[in-house]
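Asker: One letter stands for each residue in the lines below.
Protein chains: 2
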Amino acid sequence: MDRLIDAISAADNPSVVGLDPKPALLPKQLIDNAREATISESEMGNPMGAEAAWSINFAAMYLKFNTAIIDAVKDIVPAVKPQIAMYEALGEAGLWMYARTCKYAQDNGLYVLGDIKRGDIGSTAEAYAHHLSGFPLKFSDVADPDEVENVERNAEANAAGIDDAEENGDEFQFGSEWYEDAVTVNPYLGTDGITPFVDAAATHDKDIFILVRTSNPSSSEIQELELANGGRVYEHVADLVEGWGANTIGSHGYSRTGAVVGATHPEEGARLRERMPHTFFLVPGYGAQGGTAADVARMFDANGSGAIVNSSRGIIGAWKKNPDYNEDLNIDDALAIVAQSARTAALAMREDLNSALKEARR
Amino acid sequence: MDRLIDAISAADNPSVVGLDPKPALLPKQLIDNAREATISESEMGNPMGAEAAWSINFAAMYLKFNTAIIDAVKDIVPAVKPQIAMYEALGEAGLWMYARTCKYAQDNGLYVLGDIKRGDIGSTAEAYAHHLSGFPLKFSDVADPDEVENVERNAEANAAGIDDAEENGDEFQFGSEWYEDAVTVNPYLGTDGITPFVDAAATHDKDIFILVRTSNPSSSEIQELELANGGRVYEHVADLVEGWGANTIGSHGYSRTGAVVGATHPEEGARLRERMPHTFFLVPGYGAQGGTAADVARMFDANGSGAIVNSSRGIIGAWKKNPDYNEDLNIDDALAIVAQSARTAALAMREDLNSALKEARR
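So the sequences go chain by chain: D and E. Residue numbering for the first sequence is 1 to 362, as defined by the UniProt record's numbering. Residue numbering for the second sequence is 1 to 362, as defined by the UniProt record's numbering.
Take the hints with a grain of salt, since some may be wrong.
To be verified - Straight-line distance between alpha carbons at most 30 Å, and here's what the computed DSSO-like set of lysine-lysine pairs gives: (1) E/LYS103 x D/LYS138; (2) D/LYS74 x D/LYS64; (3) D/LYS103 x E/LYS74; (4) E/LYS138 x D/LYS321; (5) D/LYS28 x E/LYS138; (6) E/LYS138 x D/LYS64; (7) D/LYS138 x E/LYS320; (8) E/LYS64 x D/LYS138; (9) E/LYS138 x D/LYS320; (10) E/LYS320 x E/LYS74; (11) E/LYS138 x D/LYS138.
Said to hold, decoys possible - Pairwise CB distance ranges, derived in the manner of DEER restraints: (12) D/ALA202 x E/PHE174: 30 to 40 Å; (13) E/ALA246 x D/ALA24: 29 to 39 Å; (14) E/ASN322 x D/SER40: 50 to 60 Å.
To be verified - Now the stretches of chain E that chain D is said to cover, found in silico as 3 or more residues with beta-carbon under 8 Å: (15) 80 to 91; (16) 141 to 153; (17) 204 to 216.
Please keep in mind that the hints were generated in silico from the structure rather than gathered at the bench. None of the values given here were measured: they were computed from a predicted structure. Beta carbons: idealized from backbone N, C-alpha and C, even for Gly.
Assemble the whole structure, with the sequences as input and the hints as a guide.
Answerer: Written out as structure tokens, the structure is:
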């Protein structure tokens with residue numbers, strides 16, 4: 001967790017921007033752009049059917065939207081948290097844009113927390129852990145070194161011979177990795193579903209965050225069940241999480257195995273903070289879901305560390321409350337308002353959190 | 001769940017083939033094929049770097065492998081269950097092949113159970129539920145009917161003008177849907193994380209299967225915890241699942257909300273069968289994980305219905321025990337042995353299950 005904690009210190013900001021686009025959060029200009037691209041490409045020779053062509057163009061708007069936001073906040077936040085569900089809703093094209101969003105954020109110096117909430121039995125969890133460890137069988141594993149060298153040399157020559165549309169940002173670059181620094185994981189399957197992630201994180205200098213107490217209203221149905229031996233299900237999970245991290249405690253005192261603890265449960269959060277002294281918290285539920293800065297301040301340690309707070313809609317949807325926005329703007333001006341609104345909201349959140357943390361330490 | 005139950009009856013086979021490829025389950029011939037394609041494409045002008053080009057060629061081998069198996073078993077099994085983690089390990093290219101595997105199986109008349117084990121809070125669960133409901137914003141939602149018609153007409157004309165490599169199976173078809181008939185879901189987030197899936201299933205004639213008692217050794221750590229009010233966590237989840245399905249009970253008496261109950265827990269499975277009279281079971285853990293036909297027979301109802309049993313490695317890895325296979329075979333002959341071995345194993349499993357079910361009803 002050291003890399004994340006250092007990034008938080010450098011930005012003086014324990015918050016993470018949730019990159020959770022959805023159709024209702026995109027300015028009309030982006031949707032129009034995708035529609036027009038679909039039409040003009042079909043006129044220029046695209047053989048794809050309308051919905052398939054549209055799906056790629058629409059997904060590309062998620063990347064365009066995210067890129068504007070990342071550019072606007074990269075100097076004031078340490079991390080972003082793309083929610084993979086939003087991209088997965090768009091099928092393969094969406095996941096392509098998820099990976100490209102992660103890569104763009106990493107390339108801009110941000111820590112990327114992939115909110116994937118995966119969880120499965122041992123052998124399958126190993127497959128999911130490739131989110132952290134990369135492609136399971138590389139070309140260099142199956143080809144001779146001179147074959148690899150030849151392909152790389154050919155590729156370079158071939159790339160030089162074609163127009164580099166990539167520079168204009170209007171072509172897709174294909175990658176086989178996910179470009180995440182951490183992922184979220186579901187604990188319902190127990191230790192053998194977690195170990196592959198713990199191991200991959202340790203080997204590849206990455207982190208995981210395990211669901212302990214989620215921010216949603218129904219989270220109580222299972223997580224708050226009282227146990228015969230005392231305590232609640234989420235407290236038992238908390239103890240498991242603290243144990244799963246025991247071998248990866250970094251220089252700041254926190255392990256590579258973090259916990260997801262919703263801002264909407266400040267009392268439980270404060271108790272979990274004491275119960276899990278080596279577990280860093282990812283705190284969703286601030287803002288739109290109802291958690292306040294005073295609520296989340298209780299999930300930090302005595303040094304004002306130990307947690308990072310997420311806001312998604314409050315930042316990426318801030319443009320919707322900006323009176324300068326209107327549907328007649330051109331796409332660049334609309335994106336500038338998206339960007340500026342996100343930056344203003346991110347700065348306000350930093351101020352809000354830091355004030356509450358200062359207050360809490362008085 | 002009616003469609004699945006009817007398919008099981010038609011095939012006289014309550015089993016599902018797990019399509020869970022991984023590098024170690026692919027014959028060497030397929031890996032060689034991907035390596036050679038990567039080299040020859042670079043010689044023919046591919047500008048992609050070695051690992052990116054390889055990742056697509058390697059992922060394409062998963063589809064080739066699956067296609068051989070689907071062709072071999074489609075007349076004797078009702079369903080396949082691709083495990084998305086295996087494809088996700090290969091990044092975007094892998095998920096592309098996941099979707100194409102699902103589509104190929106559906107096109108061949110099979111019920112496709114996407115083993116995705118997703119689970120998140122309400123608004124995010126809504127996004128995941130697009131696995132069942134399709135693309136969240138279609139071209140036809142944003143374009144005029146004549147624009148849609150024009151794009152379709154252009155696409156058709158454009159497609160006619162190019163070589164149709166698709167027919168040879170060596171080009172990728174792009175789609176924006178997942179082509180699943182059911183998905184698996186994780187219950188840890190509670191009702192608001194489940195409702196979007198329940199709703200999407202009802203609207204789109206699909207089903208879901210919720211994790212209740214998984215087959216892995218550590219599943220006891222959380223699922224078996226004893227509750228203060230009596231019973232265990234998984235029993236409480238079982239009651240929630242039975243409730244979530246209450247409004248979608250079909251003509252065979254089972255709801256659209258099924259449960260995952262591992263074959264490795266025959267006692268609990270038998271009790272759950274009584275506890276959840278309207279809940280169809282997906283039973284993993286038969287074969288390689290240790291569950292026997294007699295174990296799983298206890299999870300069926302008095303009519304020999306109520307469950308479908310999965311086998312993955314036992315079927316798709318059966319070629320490894322076939323003495324006719326050797327590494328010097330050509331790729332087509334190797335795939336023929338994969339196919340024939342899978343068919344033999346699937347037939348043996350059907351016989352094994354049906355005998356045990358007959359025995360259990362004596």
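Asker: Indicate, hint by hint, whether the structure satisfies it.
Answerer: Status of the hints after comparison with the structure:
no. : hint                            : in the structure
1   : E/LYS103 x D/LYS138             : 27 Å, holds
2   : D/LYS74 x D/LYS64               : 15 Å, holds
3   : D/LYS103 x E/LYS74              : 40 Å, violated
4   : E/LYS138 x D/LYS321             : 26 Å, holds
5   : D/LYS28 x E/LYS138              : 14 Å, holds
6   : E/LYS138 x D/LYS64              : 19 Å, holds
7   : D/LYS138 x E/LYS320             : 23 Å, holds
8   : E/LYS64 x D/LYS138              : 19 Å, holds
9   : E/LYS138 x D/LYS320             : 23 Å, holds
10  : E/LYS320 x E/LYS74              : 21 Å, holds
11  : E/LYS138 x D/LYS138             : 36 Å, violated
12  : D/ALA202 x E/PHE174: 30 to 40 Å : 37 Å, holds
13  : E/ALA246 x D/ALA24: 29 to 39 Å  : 31 Å, holds
14  : E/ASN322 x D/SER40: 50 to 60 Å  : 53 Å, holds
15  : 80 to 91                        : holds (count 7)
16  : 141 to 153                      : holds (count 7)
17  : 204 to 216                      : holds (count 4)
Taken one by one, the earlier hints fail for this structure at numbers 3 and 11, listed in ascending order.
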